[in-house]
Amino acid sequence: MKEVIVHPKRCVGCMQCMPACATAHSRTRHLVSAVLETPQPKPRVHVGAGRFNEGFPNRCRHCDPAPCQLTCLTGAIYRHAGTQTVMIDPDRCINCASCAMACPYGVIRFHEDPLGPPGRAVAVKCDNCVARVAEGQIPACVEACKVGALTYEERDTAMKRQTLAVARSMSSGAGEPVLPPGVGLLRTMKESQVQLLKG
Amino acid sequence: MKYVILGNGIAGVCAAEAIRTLDLEGEIVMVGDETFLPYSRPMISYVLDGSEPHDKLPIRPADFYESMKIKPVLGQRAVSLDVENRRVQLADSTCIDYDRLLIATGADPRPLRAAHMDLGGIFYLRTESHVRQQVAALSTARRALVLGGGLVGLKAAYALLKRGLEVTLLITSGYPLSLQVDEIAGKMVLDELLRRGLKVLVGRSVRAFEGNGVVRAAVTDTGSRLPCDMVIIAKGVLPSRDFIPRQHIHVDLGVVVDDHLQTSAAGIHAAGDVAESVDISRGCRWVNALWPEAAVQGRIAGLNMAGRPVVYPGSMSRNVLRVYDLDVLTLGHANPGPEEGCRIVWSGGPGKGRYRSLVLKDDILVGAVLVNQVEQGGVLCALMENRVPLRLSTSRLMAPDFNFACLLP
Ligand SMILES: Cc1cc2nc3c(=O)[nH]c(=O)nc-3n(C[C@H](O)[C@H](O)[C@H](O)COP(=O)(O)OP(=O)(O)OC[C@H]3O[C@@H](n4cnc5c(N)ncnc54)[C@H](O)[C@@H]3O)c2cc1C
Ligand code: SF4
Numbered sequence: 001m002k003e004v005i006v007h008p009k010r011c012v013g014c015m016q017c018m019p020a021c022a023t024a025h026s027r028t029r030h031l032v033s034a035v036l037e038t039p040q041p042k043p044r045v046h047v048g049a050g051r052f053n054e055g056f057p058n059r060c061r062h063c064d065p066a067p068c069q070l071t072c073l074t075g076a077i078y079r080h081a082g083t084q085t086v087m088i089d090p091d092r093c094i095n096c097a098s099c100a101m102a103c104p105y106g107v108i109r110f111h112e113d114p115l116g117p118p119g120r121a122v123a124v125k126c127d128n129c130v131a132r133v134a135e136g137q138i139p140a141c142v143e144a145c146k147v148g149a150l151t152y153e154e155r156d157t158a159m160k161r162q163t164l165a166v167a168r169s170m171s172s173g174a175g176e177p178v179l180p181p182g183v184g185l186l187r188t189m190k191e192s193q194v195q196l197l198k199g
Numbered sequence: 001m002k003y004v005i006l007g008n009g010i011a012g013v014c015a016a017e018a019i020r021t022l023d024l025e026g027e028i029v030m031v032g033d034e035t036f037l038p039y040s041r042p043m044i045s046y047v048l049d050g051s052e053p054h055d056k057l058p059i060r061p062a063d064f065y066e067s068m069k070i071k072p073v074l075g076q077r078a079v080s081l082d083v084e085n086r087r088v089q090l091a092d093s094t095c096i097d098y099d100r101l102l103i104a105t106g107a108d109p110r111p112l113r114a115a116h117m118d119l120g121g122i123f124y125l126r127t128e129s130h131v132r133q134q135v136a137a138l139s140t141a142r143r144a145l146v147l148g149g150g151l152v153g154l155k156a157a158y159a160l161l162k163r164g165l166e167v168t169l170l171i172t173s174g175y176p177l178s179l180q181v182d183e184i185a186g187k188m189v190l191d192e193l194l195r196r197g198l199k200v201l202v203g204r205s206v207r208a209f210e211g212n213g214v215v216r217a218a219v220t221d222t223g224s225r226l227p228c229d230m231v232i233i234a235k236g237v238l239p240s241r242d243f244i245p246r247q248h249i250h251v252d253l254g255v256v257v258d259d260h261l262q263t264s265a266a267g268i269h270a271a272g273d274v275a276e277s278v279d280i281s282r283g284c285r286w287v288n289a290l291w292p293e294a295a296v297q298g299r300i301a302g303l304n305m306a307g308r309p310v311v312y313p314g315s316m317s318r319n320v321l322r323v324y325d326l327d328v329l330t331l332g333h334a335n336p337g338p339e340e341g342c343r344i345v346w347s348g349g350p351g352k353g354r355y356r357s358l359v360l361k362d363d364i365l366v367g368a369v370l371v372n373q374v375e376q377g378g379v380l381c382a383l384m385e386n387r388v389p390l391r392l393s394t395s396r397l398m399a400p401d402f403n404f405a406c407l408l409p
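Chains as they are written, first to last, in the numbering used here: chain A, 1 to 199; chain B, 1 to 409.
Quick caveat, the hints were computed from the structure, so don't treat them as lab data. Note that this is a predicted model, so its numbers are computed, not measured.
Using C-beta positions, here's what the derived DEER-type ranges look like: (1) B:Gly197 - A:His30: 41 to 47 Å; (2) A:Ser33 - B:Asp258: 56 to 62 Å; (3) A:Leu36 - B:Leu194: 38 to 44 Å; (4) A:Ser33 - B:Lys162: 33 to 39 Å; (5) B:Lys162 - A:Leu164: 57 to 63 Å; (6) B:Ser93 - A:His111: 51 to 57 Å.
All C-beta atoms, glycine included, are put in the ideal place defined by N, C-alpha and C.
Chain A with its partners taken away, still in its complex shape (with noise of 0.2 Å):
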């Protein structure tokens, strides 16, 4: 089964994914006519900075066990079956927020959404957007990142890649693992730039 699979390094903390998403979980699906929408459609991915300033693309993790279901006051976060996608009914939330202390990631907001009752506020979150999914799309977020800080596949395949690209840099003459010399660059000088401002 494959998934979103977070590859912070390579975050360049350009924020694309959010409005993309946003825009997948609005009524009408299009960037231009969502932003007319009320309420607003929000992102459930957040790009947050890091002590360097580096941005951090945080979504969702669908834990096993989740926290937030078992803290959840209502029963209204369950696990979709065929993807074990963390969803949260909403109309079965009740907005007290039990869950926000119970994510560890921090990932959870409360406002009112275009896809849940009208004129009432509700837990929101990162659905693997299983709508798009669904229709044989891949989820919003893959789509919009550009330097490949987030993508959509097997959890096997990414894992391989990763331990090949750490044996490769343990192996005699070799450099630093695999990341874009522009991503590498642009992480240095942000980090450089942190240090000045606090030195």
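We have chain A already, so just place chain B with the ligands on it with the hints.
Structure of chain B with the ligands alone, referenced to chain A:
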């Protein structure tokens, strides 16, 4: 193997489900006082405020017992427990034998001792049946009195305000939520409620009620008379453990459990509001009567009962209160006494629309209060549960843009 589970609240339900993941054949008997389907207890205050209908309370399907192959024995309480002969006795004198027992009897409202408690219109807020009666009484109620400034008291007061009643909240301590939050956050909650028309009386308790069949007034310890036609008592809860023989099972405030949620008697586990486990942030035994703890404890107790040893890491207090435009999230030991040697750092406060307070013991985060912007509460909670020494400065932890990425190397 015969499992008997006392209590069909969330702890009992999660335990039964966990047992069934490992043991499809064993007999499971579930004894419960309430006959309603397993339901969301915290949701009853939403039924009281009118935002959710009563029929949305159940959290399991109507065929729950059947599909899990559980024999339900509902509508009565266990009244005694014979540890030596592994037998439970029910109110109607029937006896049930067990091989493994789970005590998941939860908690009951702490009773109020006052004269004329039998008058109509005086309620506790703990069960779906309580809320059903309260909703029925709303049509004739105009003036309500809520006793207790804890979470349930505030939720009740908020619900009745939303229903358009005139509400007076009586609290014995100096500010609401004094057990959960510090004075600054308590004051922010109070201000918000006062702004919305709540009347609050501090340092006062009720000694008697007056009325003719139904309540008409409450008399306080200072002798003043408060007219009211509805009263909700919310003075906290007490673990339901009267039937437990203390010579066989170690009972403190709650039933004391070890790190596998077993009581001091072999083959008997306890979980949920009735259990007293080690509190991670306080470092001592504590009853954390909370839904998430009850669910997790039930699950882990069930796995242990079915023969798979699973360690319970300990409990931690945590709660969110949302009233009108204010969100209050508390974690761990959020309001320590001065003698406990904790360092407290805070920012924001009343008028700022945002407040943060962090409690540290050495370099470990042991408590936190967040007022508004509570989305990152879980990240702090994970730091506390895992007792990770802080690498980040506290100002960074309190900053509005704090997020998970800040913790990455
Ligand atoms: C209004 C309200 C709001 C709440 N809000 C929150 C919240 O926001 N967050 C949170 O974390 N928690 C909240 N709680 C607390 C939460 O509901 C409890 O922590 C949780 O329900 C405990 O589950 P439990 O299974 O341990 O016990 P219970 O839910 O108390 O279930 C125990 C069951 O056992 C039955 N029983 C008792 N004695 C016996 C006996 N001797 N024999 C047989 N059966 C017996 C009881 O009748 C009951 O049905 C709230 C509670 C209330 C009342
Ligand atoms: S906010 Fe909704 S999804 Fe989250 S715990 Fe509450 S009811 Fe469950």
